[in-house]
Amino acid sequence: MGASSTSERLTTALQEISSNVRNMKQMEYFVLCRRTNQIKEELRQGVRKSYREVIDVSWGDPHRAGVKPLSFVRQVLAACLYPQLMDGDKLMGDVKERAQRLLRTCAGGSVGSYSDIAGIPQIVQSVSEYIVRRDGGVPCHPKNIYITPGSQWALTNILKVLVNSEASPRTGVLIPVPCHSTTIISLTALGAVAVPYYLREERSWALEVEELQRALESAKGVCNPVALYIINPGNPAGYVQSRKCMQEVIRFAAEKKLFLLADEVYQDCVYGKESEFVSYKRVLAEIGAPLSDTVELASFHTASKGLMGECGLRAGYVELVNLDPAVMKYIHKLFSTNTCPVLGQIALDVMVNPPQPGDPSYPLYLKETQHIRASLAENVRRVEEVINSIPSFSCQSLEGGAFAFPRVFLQPKAIERAKEAGLQPDTFYCMRLLEEAGVLFSPGTEYGQKEGTYHIRFCIMTPTDTMEEILKRLSTFHKQFMKEFS
Amino acid sequence: MRSVLEVNRRVRGIRDPVNLQSLAAQISQQIAQGEQKAFTKVIDLSSCDPHRTGMQPISFVRQVLSMCCYPELLKEESFPLDVKQKTQKLLEACNGGSIGSYSSSTAGLPPIRRSVAEFLTRRDGGINSNPEDIIFSSGSQKTLAMMIRLLSHEDGQTQTGVLAPLPCPHTLPMLLDERGVKLVPYRLLENRGWALDLEELHRALMTARRQCDPRAIYISNPGNPTGHVQDRETIEKIIHFAASERLVLLVEEVYQDSVFGQDKEFLSYKKVLFEMGVSYSEKVEMASFHSISTAIMGECGLRGGYMELINLDPAVKKFLFHPSCSPSILPQLAMEIMANPPAPGDASYEKFTQEVLLRAETLSQNAGRACKLLNALPGMSCQPAMGGVFLYPRLHLPAEIIEEAKKLQLSADVLYCQRLLEEEGICLGPGCENGHNDENFHIRLCVLAPPAVLEDVLTRLCSFHRHLLNRPD
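As they're listed, the protein sequences go chains A and B.
Heads up, the first sequence is in numbering that gives the first Met the number 0, so the first residue is 0 and it goes up one at a time.
Heads up, the second sequence is in numbering that gives the first Met the number 0, so the first residue is 0 and it goes up one at a time.
Hints in this document: simulated from the structure, not taken from any laboratory.
These numbers come from a predicted model, not from an experiment.
Treat the hints with care, since some could be wrong.
As the list claims (entries may be wrong) - Okay, the calculated bits of chain B under chain A, using three or more residues with CB under 8 Å as the criterion:
hint, stretch
1, 6-14
2, 62-69
3, 88-95
4, 190-201
5, 249-256
6, 327-341
7, 364-371
Said to hold, decoys possible - Residues from chain B that keep clear of chain A, each with C-beta distances beyond 12 Å, as calculated:
hint, residue
8, ALA24
9, ALA37
10, GLU75
11, PRO109
12, ARG186
13, ARG209
14, GLN210
15, GLY303
16, PHE320
17, GLU402
18, ASN469
What the hints assert, rightly or not - As a list, the in silico BS3-like pairs of lysine-lysine whose alpha-carbon atoms are at most 27 Å apart:
hint, chain 1, residue 1, chain 2, residue 2
19, A, LYS39, B, LYS74
20, A, LYS89, B, LYS350
21, B, LYS74, A, LYS89
22, B, LYS316, A, LYS159
23, B, LYS317, A, LYS89
24, A, LYS449, A, LYS482
25, A, LYS67, B, LYS88
26, A, LYS159, B, LYS317
27, A, LYS39, B, LYS316
28, B, LYS350, A, LYS67
Glycine is no exception: its CB is placed at the ideal position from the N, C-alpha and C atoms.
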């Protein structure tokens with residue numbers, strides 16, 4: 000385009016964009032991403048560095064890190080896309096049977112047709128049956144389930160219903176610190192106020208009701224809190240909440256009339272020896288009436304996380320509990336603006352109904368999932384071992400989720416240098432780690448943290464040798480970094 | 000429990016959809032449960048969803064996508080070489096070589112953006128397209144919604160307005176409602192093949208300025224649902240209008256690959272803009288939208304589209320890169336195939352070309368046949384379509400029907416469509432969804448279907464229509 004100055008632009012309309020949009024924090028990630036792309040280009044052009052490739056573990060993206068997709072789901076997807084594949088013996092019987100069954104649920108027998116708003120009914124049914132099994136028999140009504148293009152999209156749309164951007168005071172939503180960044184950005188864009196409640200790092204990131212109470216108090220006169228957002232298992236911190244904690248949270252939400260938003264996308268990634276995932280729905284049901292009939296709950300899940308890791312397919316779902324039917328009508332309208340890709344829905348069906356013992360594909364499925372679980376367990380062990388042995392680095396025990404979120408104790412000189420560079424201290428650390436060791440992590444600033452503390456986040460769902468390499472490069476870098484700024 | 004009153008006012012303001020699909024689903028359910036009807040299944044031609052009606056996907060596209068999902072297939076001898084080569088190229092563009100990985104940028108995979116930029120440059124005769132200005136998403140509606148969000152004011156301030164054609168795509172009104180933006184219609188001229196009238200544009204703008212703060216003008220070319228294809232002169236006039244009135248141009252060009260009217264051709268707004276010289280090409284702000292839900296590919300269920308931004312302030316553009324909008328991978332790959340189809344000499348070239356040609360011919364013939372039949376009906380008149388996938392005939396209904404509709408608190412076109420659905424199992428779109436909510440009744444019919452299916456639909460529609468007109472209940 001021409002090089003005319005902005006002031007000569009014919010319409011200035013776009014410069015007056017809404018302040019809600021303008022206030023959306025630019026992610027720290029972008030500056031790191033730009034540099035990563037540059038470095039990759041430099042490597043491609045033969046520039047010499049102490050590493051041959053950049054290892055990117057900044058997102059929860061197992062395939063990017065080298066984890067292989069599960070064969071069964073990919074075979075089913077391939078067969079659905081190109082049914083001629085099912086001729087002959089290229090694919091196993093259960094793959095064909097699943098693909099044929101799912102294609103029959105698609106209009107015109109094609110994954111290229113539009114689907115129903117809430118998702119293909121048979122798949123919604125499958126999801127609801129999965130939820131019942133998962134929750135030990137607690138009933139689940141298909142009409143309370145919406146399959147969506149990703150769990151974040153579903154969350155944003157529920158928030159649209161709850162957040163009243165015209166109101167004074169503005170709507171508030173309690174969010175954990177640390178919390179993954181996309182939620183924070185969504186809230187800002189909607190004109191809501193994020194009310195932080197701090198998880199207690201020293202107690203493995205425990206959620207304490209006293210802290211919820213304090214957060215709520217702090218909102219007085221600032222905003223009107225309507226919802227409580229929980230992430231369990233955690234992201235970025237790798238905790239799994241105890242039943243007791245969840246009961247307290249539910250009682251608190253009931254007492255303060257808060258809508259519970261339960262982000263449970265990592266429910267399939269639990270590895271802590273004492274940990275077990277229980278859904279908020281189940282705990283709510285177990286508490287019994289009247290709470291079980293009145294506390295409003297939205298729980299989110301996705302095909303992007305867990306063992307499948309199919310982030311690129313964009314498929315998730317939300318289950319809505321105890322909502323006024325009249326309010327559900329509005330939710331339905333919002334959800335009708337964008338349906339989940341059919342292929343994503345198919346992946347979801349496989350996720351909630353994987354191959355069972357006796358099925359031809361089961362042995363391979365078992366082998367692949369066991370391998371991923373074993374790698375994850377090994378990675379967890381090594382990460383905790385290595386990080387906790389490095390001075391000025393500490394990591395809470397990892398119980399679930401896909402990330403490690405260790406704390407790094409930066410020296411005053413390093414913090415000073417960061418300021419000079421115009422970067423947050425942990426972003427500065429990540430930038431140097433990238434430059435010198437070719438490893439891309441994500442800075443704690445992105446997620447919120449207690450003032451004066453610094454953290455880094457990295458995905459631990461990687462092949463084991465990749466994790467070894469990461470830990471090796473990290474250790475070497477860290478020692479040098481600490482020495483430089485001592 | 001939260002009550003309706005506590006629901007965000009803007010959400011409460013979203014209009015109710017007409018929702019014939021719900022009735023259609025009920026009827027399908029009844030048939031499945033063994034109820035006897037005059038038809039064996041419901042045929043839905045109210046939106047462009049070609050696979051639903053039986054149109055086949057393009058083989059090359061499906062072979063490549065399938066192989067990208069399950070790269071083990073690369074070892075299969077039965078697949079043509081160019082399918083394998085394309086698959087390898089596309090997988091290289093994906094992070095971790097997997098379609099299950101996130102895009103590296105929220106705007107889409109960089110190599111795909113480059114490919115699409117090259118395609119656009121070729122399409123527009125050499126006018127350069129910058130990959131950085133291309134943003135992928137889950138469809139043209141999504142990218143449009145992103146742009147609208149950028150343009151709209153917060154609640155509590157003067158409402159933002161968007162000029163939109165009457166009739167407009169049936170998905171547009173709800174989209175604008177959801178964004179809290181006012182739709183200000185500019186009427187297209189039915190008796191001139193739904194052409195755009197500049198005076199009407201000016202009138203609409205003046206009306207808009209009294210009611211809201213108009214920021215953009217929305218264009219659909221080839222027109223949805225009108226089938227009108229704009230000529231160069233019209234496009235230039237609109238660009239000039241947008242320039243002088245400081246409106247952002249939002250140009251939906253999803254049906255650009257389906258132009259069949261005689262002596263008609265698709266001209267992209269971008270091309271015309273650049274050929275108007277720097278006083279326009281460096282200033283007019285524009286976003287043009289495309290998707291894979293086109294007539295030829297028809298991959299609506301895959302959910303993929305992109306927009307190209309022109310002359311947007313970089314300081315503003317960055318707000319379009321929102322992390323929660325990470326686009327799905329497979330549709331991006333499908334888009335790349337659309338941008339770089341098999342070339343002469345490639346193993347799949349002949350088959351691909353045949354399929355595409357057949358599709359285009361089917362559409363053209365269907366549009367012609369349907370228009371002819373509908374115009375032969377009393378009480379119906381239909382402008383011929385020059386492009387796109389819809390016909391949008393006008394209903395001249397007897398007073399009795401209109402009265403009956405009023406008593407039922409329905410718009411007469413909705414009543415018409417309901418009756419048609421109940422009696423013949425055919426689901427068409429009522430014109431009120433396209434913005435016609437006065438006594439100017441229309442129906443919307445997608446003609447992209449296998450000829451036998453369309454013929455069946457037309458026969459039954461004609462029979463229903465004649466019967467309705469002779470039967471003033």
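Against the structure, the hints:
1. 6-14: As far as the stretch 6-14 of chain B goes, the hint holds, because 7 residues have Cβ atoms under 8 Å from chain A.
2. 62-69: Holds: 6 residues of the stretch 62-69 of chain B have a Cβ under 8 Å from chain A.
3. 88-95: Satisfied; 3 residues make the cut.
4. 190-201: violated (count 0)
5. 249-256: violated (count 0)
6. 327-341: Result for this restraint: holds, n = 4.
7. 364-371: violated (count 0)
8. ALA24: About 8 Å separates ALA24 of chain B from the closest Cβ of chain A, which leaves it inside 12 Å; violated.
9. ALA37: 21 Å, holds
10. GLU75: 7 Å, violated
11. PRO109: 8 Å, violated
12. ARG186: Label holds. Min Cβ-Cβ 24 Å, cutoff 12 Å.
13. ARG209: 18 Å, holds
14. GLN210: 17 Å, holds
15. GLY303: 8 Å, violated
16. PHE320: PHE320 of chain B not clear of chain A: closest Cβ-Cβ about 8 Å, inside 12 Å.
17. GLU402: 30 Å, holds
18. ASN469: 34 Å, holds
19. A:LYS39 / B:LYS74: 30 Å, violated
20. A:LYS89 / B:LYS350: Distance of about 23 Å is within 27 Å: holds.
21. B:LYS74 / A:LYS89: 11 Å, holds
22. B:LYS316 / A:LYS159: 23 Å, holds
23. B:LYS317 / A:LYS89: 46 Å, violated
24. A:LYS449 / A:LYS482: 25 Å, holds
25. A:LYS67 / B:LYS88: Satisfied, since the Cα-Cα distance of roughly 19 Å is no more than 27 Å.
26. A:LYS159 / B:LYS317: It holds: about 22 Å lies between the C-alpha atoms, which stays within 27 Å.
27. A:LYS39 / B:LYS316: OK: LYS39 of chain A and LYS316 of chain B at ~25 Å, within 27 Å.
28. B:LYS350 / A:LYS67: Judged against 27 Å, a Cα distance of about 34 Å means the pair is violated.
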